[in-house]
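Chemist: Taken in sequence, the protein lines are chains A and B.
Using the numbering used here, the first residue of the first sequence is number 1, and each one after it goes up by one.
Using the numbering used here, the first residue of the second sequence is number 1, and each one after it goes up by one.
One or more hints might be untrue.
Said to hold, decoys possible - Only part of the chain B face toward chain A is listed, based on derived beta-carbon distances under 7 Å:
| no. | residue |
| --- | --- |
| 1 | N93 |
| 2 | N269 |
| 3 | G271 |
| 4 | S288 |
These are computed hints drawn from the structure, not numbers from a lab.
In this text, a Cβ means the ideal position worked out from N, Cα and C, and glycines have one as well.
Listed below, chain by chain, are the residues.
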Amino acid sequence: MSMLTRTAGYGPENARTRTVREPLMSRMAATLVMAVFTLYFLIPLWWLFVASTKSRGQMASTAGLWFADWQLWENLQYVFTYDGGVYLRWLANAVLYAGVGALLGTLLASMCGYALAKYAFRGRNLLFNVILGGVLVPVTALALPLFLIFSAVDLTNTYWAVFLPSLVSPFGVYLSRIYAAASVPGELLEAARLDGSGEVRTFFTVSMRLMAPALVTVFLFQFVTIWNNFFLPLVMLSDDKLYPVTLGLYAWNSQTNAVPELRTAVVVGAFVAVVPLILAFLGLQRFWRSGLAAGGVKA
Amino acid sequence: MSRRHLVRASAATVAATAMLAACSGGSGDTTDGGGEEAAACQPTDGQVELTYTGWVPGMEAAVEIWNENNPDIQVTYNSGPAGNAGTYQDFFNQLEADEAPDLGQIEFDTLPNFRVQDGLVDIGACEGVLDAGDQFVDWTWQQVTFGEEGSVYAIPQDTGPMAMFYRADLFEEAGIEVPTTWDEYAEAAQAIRDEGSYITHFPRTDVNWFAGLVWQNDGQWFSNDGDAWTVDLTGPESTEVAEYWQGLIDDDLVKDTAGFSDEWNNELNTGELWTWVSAVWGSNSISSGAPDTAGDWAVAPMPQWEPGANAAGNWGGSTVAVLQGSEHPYEAAQFALWLNTSEEALTTLNQEGGLYPATTAGLELPALQEGLEFYGGQAIFDVFAEAAAGTDPNFTWGPTMAQTYNDVADGFGAALGGSGTLTDALESGQEATIQTLQSQSIPVAE
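Kindly generate the complete structure, drawing on both the sequences and the hints.
Modeler: What follows is the structure, given as structure tokens:
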């Protein structure tokens with residue numbers, strides 16, 4: 001948690017000079033509320049970790065929040081070798097869908113948002129409003145129509161069926177537009193044009209760098225959205241070798257009545273599957289915070 | 001946790017099914033689908049590729065054996081989530097887009113749903129299919145033919161005949177007789193409660209378990225006269241079962257733990273629960289969920305309503321169906337027959353996936369004659385083979401079982417919480433089911 005509260009430009013000295021000191025009681029109350037919420041969010045994760053270290057029998061029979069016999073390595077081995085090591089494949093698929101999808105999605109969203117912010121053209125506001133409307137449509141609602149469309153071009157049950165829809169991020173476009181309007185000065189673009197730089201080159205060499213914090217935010221959001229998008233792969237894919245890890249774990253979990261041993265695999269697999277998300281957030285959160293704040297204030 | 005997930009997932013399935021049915025409009029023309037295919041079931045010349053989707057662990061091994069021996073008919077197997085957790089909905093979507101797999105795993109209680117949505121190919125005319133009928137346990141064949149002469153809509157794969165798992169050691173220590181009738185079961189429940197434990201749990205979401213009990217009591221929830229469905233969740237047999245368990249709940253003789261939960265596993269493991277009336281596959285649930293009790297369990301036939309009778313119910317079991325749009329129903333039927341009748345396939349599926357065969361010959365598999373250490377060396381499958389023979393062949397499932405289960409489970413939850421009774425739950429389930437059928441333009445007899 002300490003990483004969340006201390007970020008660039010907000011050191012303790014600054015805070016003291018800028019703000020009036022809050023009364024002790026109020027600060028303690030705030031800290032208490034924060035502590036309760038921290039516990040609330042961390043306990044399930046803690047449980048997941050502890051459960052991952054137990055044998056199947058002990059998972060049910062010992063206290064949930066503390067360790068029994070240490071079985072983590074055996075469990076990990078079980079998960080990674082069960083059914084010919086399909087779990088590893090699911091992880092790789094998820095990284096492919098979410099990683100590459102978020103990268104390309106961020107690029108498209110930034111280009112679109114940048115164009116909407118920096119070029120005046122007919123229908124610009126209408127287009128922007130339509131995209132904003134897209135933010136309101138839950139991705140789940142689109143899964144069935146997408147399935148019928150993809151089946152019309154024979155692309156269901158392929159990587160593309162999950163990958164292509166993941167490239168679209170209306171929220172990313174929105175955030176990119178806000179941030180481009182705020183952080184890319186028109187004068188700079190004028191100067192670039194006068195110096196003979198083409199629009200595309202200006203975008204990649206000047207504007208994109210200025211927009212970097214927002215792009216990290218968009219990337220993270222998109223990464224998490226794709227990683228967690230469960231319904232689309234469920235509808236699109238029938239070959240379990242194409243599954244992302246969420247769907248794979250779900251399939252295992254649905255078989256636990258018949259194969260109770262799989263429950264260990266589900267719990268340990270779920271634990272392993274959150275690690276990349278935690279890493280992505282810890283690594284990128286510095287940018288993420290500043291990007292999010294910018295969008296919030298300037299909107 | 002997982003159970004709640006399942007229920008929610010199947011609620012979504014129901015909603016989406018209803019949506020699809022509404023969208024496709026014409027597909028509501030219920031019971032006469034698939035008849036044309038039956039007339040023409042001819043082999044295809046040359047190489048045939050089949051796709052098959054299911055969720056039996058280890059199915060790949062059986063498919064591999066087939067592929068080695070049948071170079072001209074190659075089967076590709078895809079493993080998906082359990083039916084109500086998503087695969088059924090996928091099938092419906094794929095049927096809509098005309099790209100369903102050739103073969104799909106469908107549980108017995110969901111076959112009517114696919115039937116009324118016109119998703120199944122009648123393979124009755126395919127070579128060898130009709131003749132295979134007498135190899136299967138009676139009730140399974142009845143359910144895949146829907147009682148129609150000359151038609152077969154799926155090949156039975158596995159079953160879940162029910163019996164009673166009990167803690168032999170605890171019964172003996174406490175000097176309590178192992179119950180053989182439901183009356184004795186209630187008496188034993190009281191005696192066990194006096195010892196400080198519970199005889200069993202009443203699972204709020206396992207409505208198909210409850211259906212198994214009604215099945216044993218000769219009840220009928222659904223029937224179809226060819227034109228319309230009759231819904232009867234509240235018949236005298238069902239009501240008798242509901243009132244019996246309501247009595248146990250009222251007297252605090254059964255726990256309200258959710259089945260298959262960690263808590264439930266723990267209660268089995270610590271000896272707080274003494275029995276579980278369950279299907280054959282439940283043997284695996286106990287042995288892996290309650291490892292500390294190895295050697296203490298035994299299996300007896302289900303308690304009876306009539307002393308000396310040998311009626312049993314069934315909980316679970318699947319079929320393999322040829323889905324509409326398949327270009328090779330002949331080859332698909334041959335594969336499905338081999339998969340579910342040949343000894344090598346049945347042995348593989350039993351070893352790898354724990355399937356309990358639906359053929360009478362399959363019940364004689366060597367692996368099903370052995371004593372199990374976890375059950376004190378008892379050859380428990382003998383009890384289940386007897387149960388399979390004692391299962392009434394005429395039980396019929398409705399066309400919207402996922403919805404029926406959900407609505408009854410809501411009522412069960414309320415009854416366990418003290419508001420309403422199990423009988424109320426059946427009544428509200430009855431109403432909700434009739435409404436759902438009508439909203440999907442499935443004819444209902446009044």
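Chemist: Decide, hint by hint, whether the structure agrees.
Modeler: Here is what the structure says about each hint:
Annotation: N93/B was flagged as interfacial toward chain A, and the flag holds, the nearest CB pair being 6 Å apart, inside 7 Å. The restraint placing N269/B at the interface with chain A holds, with a minimum CB-CB distance near 5 Å, inside the 7 Å limit. Given the 7 Å rule on beta carbons, the hint for G271/B is violated: about 11 Å separates it from the nearest Cβ of chain A. Proximity of S288/B to chain A holds as hinted, the smallest CB-CB distance being about 4 Å (cut-off 7 Å).
Violation of the numbered hints given earlier is confined to hint 3; every other hint is satisfied by the structure.
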